[in-house]
Structures are given as C-alpha cells and as structure tokens.
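Visitor: Single-letter residue listing:
There are 2 protein chains.
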Amino acid sequence: MVAARKKNPPHQVVIVGGGFGGLYAAKALKTANVKITLIDKRNFHLFQPLLYQVATGTLSPADISSPLRSLLSKSKNTKVLLGEVNDIDPEAQQVILDDQVVPYDTLIVATGAKHSYFGKDNWKEFAPGLKTLEDAIEIRHRIFSAFEAAEKETDPEKRRALLTFVIVGGGPTGVELSGAIAELAYKTLKEDFRDIDTSETRILLLQGGDRILPAFTADLSQSAAASLEKLGVIIQTNTRVTNIDNDIVTLKQGDEFKEIAAKTVLWAAGVQASTMGKVLAERTGVECDRAGRVIVEPDLSIKGHKNIFVVGDLANFSHQNGQPLPGVAPVAKQEGEYVAQLVRKRLRGQTLPAFNYTNHGNLAMIGQNEAVVDLGFINMEGFSAWLFWLFIHIYFLIEFDQKLLVMIQWGWNYITRKRGARLIIGEESLAFAKVDNSNDKSHYTSTNNRQPVKV
Amino acid sequence: MVAARKKNPPHQVVIVGGGFGGLYAAKALKTANVKITLIDKRNFHLFQPLLYQVATGTLSPADISSPLRSLLSKSKNTKVLLGEVNDIDPEAQQVILDDQVVPYDTLIVATGAKHSYFGKDNWKEFAPGLKTLEDAIEIRHRIFSAFEAAEKETDPEKRRALLTFVIVGGGPTGVELSGAIAELAYKTLKEDFRDIDTSETRILLLQGGDRILPAFTADLSQSAAASLEKLGVIIQTNTRVTNIDNDIVTLKQGDEFKEIAAKTVLWAAGVQASTMGKVLAERTGVECDRAGRVIVEPDLSIKGHKNIFVVGDLANFSHQNGQPLPGVAPVAKQEGEYVAQLVRKRLRGQTLPAFNYTNHGNLAMIGQNEAVVDLGFINMEGFSAWLFWLFIHIYFLIEFDQKLLVMIQWGWNYITRKRGARLIIGEESLAFAKVDNSNDKSHYTSTNNRQPVKV
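Protein chains in written order, with the working numbering: chain G, 4 to 458; chain Z, 4 to 458.
Pulled out of the complex, with its shape left as it was, chain G reads as follows (with noise of 0.2 angstroms):
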C-alpha cells in the first residue's frame, strides 16, 4: 500500500516527537527518498538519562539537549517543525497541528510517556516526577531551596522536615536521584551552611516490591541497595504510599500505616503513555493497555493501518517474549530504526521480518564509583560498572552531539566534588523564603493602562 504511493512528489514521511524513537528513525532515513517532517513540541531532543544531573546540580539543561535543527542540519530531505500535533485524520492521511495541517504517506507516533500518579493527580503538586527539563529545574529548586530554608528555620522539628528527603519508586530513577542527593547533602554542601549539619539530612527510598532495581538480577539489586546505604540512604521495601501533601507523606507498611514528615517529595514511581495513545485509539480503534501505551504489531504498524507505526515508550510491543518492552532509550532507538528501515524496504516493493529488540544490558548510577550493570553475560558492580556506565553514556552523548564537554564537566565535578549549576533562578527564586503568602504574580501582565507617549 505505501509502496504503491510511490509517485512524483516524494513520499512523506511525518514524525511526531524528537525523542530517541523519532530523531533515530529520522537519522535512518536522512538518505532515503523521502520527505521528512519531524514535528515536536520542543526545539531540541533531550537526553533523558541524564536528566537527574540536571535535578541535582551536576550538568545544566543544554549539556544534556541539543537542538534538533543542527542534529538533523544535515539531513537535506528533513524539515523539523515546531508545534504541538492535535490530532491526527487517518483517512484524509494528515496530522492536525494548532494553525496547519501536514498530509503523511507514512506516520510515525513517537511522543513517549509522562509520570503516572496511579489517580492520585494531586499528589503532583508535592511529589513532582522527572521527565522533562522544566521537571529536573523545579526539582533542583526544590532541593536546593530546602537546604536554604532549614538555614533559616529556628524550630527543629520543621527543620528535620525540611532536611528529610523522600524519593517514591525504587528504579533506575528512584536510585540515581536518591544516590545524588546523598552525595549532595554528606559530601558537597558540607562545608556551606553556619546554621545546619547537612549530614543530618535524611534520604528515604521507598519502594513498593521486596527490592529495589526489579529489573536487575537479586544480585545486582542488593549490592545497589547496600551501596546506597553506604552513601547514607534509607531504603525502605514492601512500602506503599497512601497519602501525599505538602507536610506528610503517609505509608503502608504492611498492615501498619506511617507519617513522614518532609518537605521534599519526588516521584519516581510511574509512568502513563502520552495522550498521543487516545487520540490513534479514539481515531483507529487501536486497542491501548492499561498504561495507555498503544498495542503493536509484530512490525510496529497499527491493526489496521499499515502506515501507522508507534515507536518509543508510547508502544506496547509484547511479541517477543509476552511481556512489554520496558520504556527505556535504547528500545526507542531500535524501534525508530527498525521502522525507517522498513519504510525504505516497503518503497522498493520489499517488506522486513519482525522487529526483534536486542537487549545489551542494564545500567543504574548510584553514585560516585559506584553503578550497577547487568549484561546479561556478565554482571558488574562498584567502580567498574560505574566506568561502564560513565562510558556507554558518554559514547550515546558523543554520537549525537559531540559533548565532551560533558565528559570533562564529569571529569572535572570528580575531582573537585563540585556542584556548580545550583541556581535557583525564576520568578520562585525566594519562594522557599515565603512559602505561606501564595499572592499574586503579576509582573508585566497588563497593557491597559499604559501611558501614551509624547514625541
């Protein structure tokens, strides 16, 4: 059917999202004779992986983007195109922006997940998840400003609340930002405050199984766990959280129930697919799980919409082994290649045998020379894992943007134990200083009653 739209004016490719699902399949066709348009909401593609260093002081924002015009400058037949995709007309073959509408031979939907609260949308205001950078900025206030705020607090009992730390969710992201803000509060803040002895910072990780990392082998999860430990982190297994607000978080432990006293909360707990997902079921009738992710096929294509495809943590591809693909960069990457690749066979009258995910291994930072990596072959722990990790992370950063820049800002915060991007900026920067007073923002919001102006 795609094949046979092969006529004069090049087949249109429309990729929505500039994750790792959408650049990758755009890098893949950047030869072929196709037209690309790679619309996202953003202008850059972000490095997930990193984005904890961001949230805790270690990298800023554009050491872990790159905008997505100069990695895809290259690529003559790509056009990218800010704006935020509405809807999509399956018949009429079009993707529905704000102000225009962009006609497809073939779509491919790669716009990824976002925090799921389980229902429980209003724990987001105190507990925020970490996704975006906008996410990783408000976390690095929030951490930062706490630390200012027990400076200033004279009453111990709010003081131990603002110095206690919970982090909800005991994976790869509940570990990293867990293990950073304990090297945060025992190693680089020490020696910053007159008023506080930030080792007497509490860091809890609660995690709802038996272990954390339950994506790792037993092994691997318990020499995280005692790492962490070592670093100073609380970790607590076969927690629920039933309860969140702006003071307390409550727990289930078993059948007994727990408050805890803190004033930062983050949530590494769960994600749901983007909205993305309702719009092709609501317009293809394309069944979605539970997650919202949308149900593939072998091919990544859509029951019923050869043209279709969705790529990223959007998909739920269960055809290898009965169990979803687990929503991580490296699945995103194959599967945006896997398609473009397709897409170049389908315009020669070929088609691909079934896409099949090539698992290289796990990986989790816990801290400074410490990681665990798990390659299914081999295991690795300590400082050789956490060599392992630092590389694979920076040879993925170099293949997209050159940033060595990284490399030596790593190499550099080692050696100094420095933090140097704790900048609390924006309109909230002394919020922690007021957290009573909600009053207005308005700064330059009114035009009305400006004055006419003599010539």
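Everything labelled a hint here was simulated from the structure, so no lab data went into it. Some hints here could point you the wrong way.
Since the list gives no way to pick one copy over another, a pair counts as held whenever it fits inside one copy or between any two copies.
[Claimed, not checked] Below, in silico cross-link-like pairs of lysine-lysine (DSSO-like), each with a Cα-Cα straight-line distance of 27 angstroms or less:
| hint | residue 1 | residue 2 |
| --- | --- | --- |
| 1 | Lys127 | Lys255 |
| 2 | Lys306 | Lys127 |
| 3 | Lys161 | Lys79 |
| 4 | Lys117 | Lys255 |
| 5 | Lys77 | Lys190 |
| 6 | Lys281 | Lys77 |
| 7 | Lys155 | Lys193 |
| 8 | Lys255 | Lys233 |
| 9 | Lys255 | Lys77 |
| 10 | Lys281 | Lys161 |
| 11 | Lys255 | Lys79 |
| 12 | Lys348 | Lys127 |
| 13 | Lys79 | Lys134 |
| 14 | Lys190 | Lys309 |
| 15 | Lys306 | Lys190 |
| 16 | Lys190 | Lys44 |
| 17 | Lys348 | Lys134 |
| 18 | Lys77 | Lys38 |
| 19 | Lys309 | Lys82 |
Chain G is already provided as a structure; the job is to place chain Z on it using the hints.
Guide: For chain Z alone, coordinates are given in the frame of chain G:
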C-alpha cells in the same frame, strides 16, 4: 567610632548584595576578626560581563554563575543569608528583611543597578534589558523563537519583521549583543532552516550619540563599527527611539521620524540604581544623583554615617575627576576591596587615604576574532584584542570558581561554530507559534478553523 566598638562580640559586618562589590568585600575580609553576613536575594554570584553569551546561546546560566555559599565556604567568619533587604534602621544599626532583622556595626551596601527606560516603563515588555539570568533566558527565548516563528510565517512582511532585530544602545552590551546575533544568523543557523534564509536577517544597532562605544577612543569606536558592519550589523548613530510597541520601533533621526517593523527589540540603553538607594536616602538623608546612585564620600561611606558604605553600581563616586566612575565590574571590585581594607584599618584605630580607582582599560567583544581594547597606554583591535578579551575574562572567571570549562566551551564553540545552549524552555516554549492571540494560553483551544475529524 567603629574602632571604639571593638569589644567581646566581634565586629559585625553586614554586606547587602553578592555582586562584584559585595563579594570582593567579603573575600577581602576573610581573615579579619569580624563576623560577616552577606545577604543576597539569589543563591549565586553572577559574572555579568558574560551575560550576553547566555542570551545568545553560547553559554549556560551555570557557566557564568557560582553558588555564593561555595565561593565563601572557606570563609569561616562569613555567613550567607538568602533574603531581601527591605529597609535599614541606622539608629538601631539593623537591616530589616521580610522575616528577620540583622544587626550591624559596619554596613556595606552593594545592590547594583537595574535598567532604566527613561520613564517609559511600558517599553520594558517589548524590549527586555540584560541584567539578570532571567533577562538572559528571556532574550534567548525571544531570539530563537523569532527564527522559529519566521520559519512558519508565510506572509513576507510579517516574516521580515520576525527576522529584524533592533538593539537599542551602542555601549559594550549593545555591541556584544548585536555582534553575537549577527554570528548566529549569518553563520551558526545558516543550515538549520528549510523555509527561511537566515542571511536575510536584519540587525540594527541604534545609538543616540554620534558614535558607538563612546567610552572608548574615537579610533577604536570607528574600528568596532567597521568590524560590526563587516559582520552584517547595520549601525544607526544620532538616532533616538521615541516609541516601542509589540511590532514597531519608532525612531527619530534629526527631524525625521521613521518606523521599523521588528518583533525582537533589546534594550541596552540605560541603567538606574537599585531601590536601596532610595531607602538609604530616606533613612540617612544622603543625596542621590539623577540615576538614583548614592553620592559617596572620598572613603565610600555616606555623609554623617561613617559606618555605612556604598560600593559598585549603586555608588556615585566623583572625587577622582569630577565624573562618576562607570558602572563596571572592576570599579565595584576595587571599591569592595577598599572598604574591606578600611574596616580592617579602623579596627586597629587607623585609617586609609581616599579611594582611588585604577583603570586597567576598556574592553568590548564584537564577534569571533574581533574585539576592541583600550588600555590607556595601548589600543588593540581585531584578533589580538579578541585574544586579550578572552584572556582577561578567563582570568577573572578562574579566580572565582576555576571555571576552566568555560574556556573549553569557548574553544569548542570556536572550532565547531556551534551554539548548544539554544533551548526554548518553560511555559512559553511554544508561545511564538501564536503571536497574535494574546489572551488565551491554552494549547488545546483554537479548534475553530479545523475540520471535524471522522472516526
């Protein structure tokens, strides 16, 4: 008087403001037998001379800022207090914050300056100035969003307005901004767009007087103008701005009025003292000049209050040649150090001769390989000036926070001609796509002209 207070509780020095003046005063008092409280609204010191590089996407905010706490962590006699000083009480010798009162024996006020729109405050919204990191990020958003909006714009006149950048003010900041935007438009972004040709960008630098960089010699100012024009900047001297609104800048040249359609207007024309000047005037009766700067005595104290000092951009020091010293970093630094020295002397019952500023020269960056340097005894231009500019700035940055990375970043950008820090983030990241509807911000609303989609 101060020396007489030397008693058991150590002499309390309160410094308001962590810019060049305040920070260097604190550093110079590191080993003195005093207790210092440095109060700032922000948790970082900002290296303002490089702010334009954040605004034009070369550097990240964290590259030119350092946490005040870590800069002063080794100064055990110094406490950093985050907060805003609202008032002072010279009788009780106290500064008054939102939530607390801090007593002083010696007070050093170094709160700097902000933009001045010469009474036309409504221009601020259309023509942001460059004083804070938020300003720089706002300007960065405007510049990159203008190119993005131009790429989407089909009306040639509107597109031309989107590709027109007007910089008001031909001092160092205006020169640096216009040079950097020229490099961006004509070099960095050249390959990145598909529907616009960025070489059609117009960059206008407006100057009220008859030459740019009036603080430099006529030769250097002429050479700077030639270099800017070679880069593609259009310089208009003897030009006054009479109005700025969302789309149009109105100019007066001689007796002629002229309108320029421009979506991006940047303000680099004037500054006024921060509000602490007014507070000091009200509480102590000290005189301020027309720009709101506090008239200081030869020792930088204020009349009738030998233990209150004003340094940096907030001070009007005219005892050297009748003219107030310029509002630049070296003046603030030397003033801060002088006052620290004087406090040390007074504690021993001694004093110092009047403050005397040593001018090491004027510098302005024009673009890659181009700068102008006026050292008094020698002038430089072109590549040698550029190298000198680089050396001086790196020297100062390193003195602060060993920010070697910034040097490497420059080197890297120099080789690759890249600008990595081009992110458009925050709630406004898609604002450029809907320039014309100013009321609603909701992404999902404007469904008017869309066809109903059949399922």
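Visitor: The structure should be examined with respect to each hint, and the outcome stated for every one.
Guide: For each hint, the structure was consulted:
With identical chains, the CA atoms of Lys127 and Lys255 are at most 27 angstroms apart within one copy only, with a shortest distance of 19 angstroms there and 53 angstroms across copies. Neither within a single protomer nor between protomers do Lys306 and Lys127 lie at most 27 angstroms apart by alpha-carbon distance, with minima of 34 angstroms and 54 angstroms respectively. Taking CA atoms no more than 27 angstroms apart as the test, Lys161 paired with Lys79 passes between copies only; the shortest distance there is 26 angstroms, against 58 angstroms inside one copy. In this homomeric assembly, Lys117 and Lys255 come within 27 angstroms of each other (Cα to Cα) only inside a single copy, at 25 angstroms, whereas the closest approach across copies is 52 angstroms.
In this homomeric assembly, Lys77 and Lys190 come within 27 angstroms of each other (Cα to Cα) only across copies, at 15 angstroms, whereas the closest approach inside a single copy is 44 angstroms. Neither within a single protomer nor between protomers do Lys281 and Lys77 lie at most 27 angstroms apart by alpha-carbon distance, with minima of 34 angstroms and 56 angstroms respectively. Within a single copy, Lys155 and Lys193 get their C-alpha atoms as close as 16 angstroms, which meets the 27 angstroms cut-off; across copies the closest is 50 angstroms, which misses it. Proximity of Lys255 and Lys233 under a CA criterion of 27 angstroms is satisfied intra-copy only: 25 angstroms inside one chain copy versus 69 angstroms between copies.
For the identical chains of this complex, Lys255 and Lys77 are neighbours neither inside a copy (54 angstroms) nor across copies (44 angstroms), given an alpha-carbon limit of 27 angstroms. Taking CA atoms no more than 27 angstroms apart as the test, Lys281 paired with Lys161 passes in neither setting, with 43 angstroms inside one copy and 36 angstroms between copies. In this assembly of identical chains, the alpha carbons of Lys255 and Lys79 never lie at most 27 angstroms apart, being 56 angstroms within a copy and 44 angstroms across copies at closest. Proximity of Lys348 and Lys127 under a CA criterion of 27 angstroms is satisfied in neither setting, with 44 angstroms inside one chain copy and 56 angstroms between copies.
Within a single copy, Lys79 and Lys134 get their C-alpha atoms no closer than 30 angstroms, and across copies no closer than 39 angstroms, so neither meets the 27 angstroms cut-off. Taking CA atoms no more than 27 angstroms apart as the test, Lys190 paired with Lys309 passes in neither setting, with 54 angstroms inside one copy and 42 angstroms between copies. Taking CA atoms no more than 27 angstroms apart as the test, Lys306 paired with Lys190 passes in neither setting, with 53 angstroms inside one copy and 46 angstroms between copies. Taking identical chains as interchangeable, the C-alpha atoms of Lys190 and Lys44 lie at most 27 angstroms apart only when they sit on different chains, with a minimum of 25 angstroms there against 38 angstroms within one chain.
With identical chains, the CA atoms of Lys348 and Lys134 are never at most 27 angstroms apart, being 34 angstroms at best within one copy and 55 angstroms at best between copies. In this assembly of identical chains, Lys77 and Lys38 lie within 27 angstroms of each other by CA distance solely inside one copy; the values are 14 angstroms within and 59 angstroms between copies. In the homo-oligomer, the alpha carbons of Lys309 and Lys82 lie at most 27 angstroms apart inside one protomer (23 angstroms), although the nearest pairing across protomers, at 66 angstroms, exceeds that limit.
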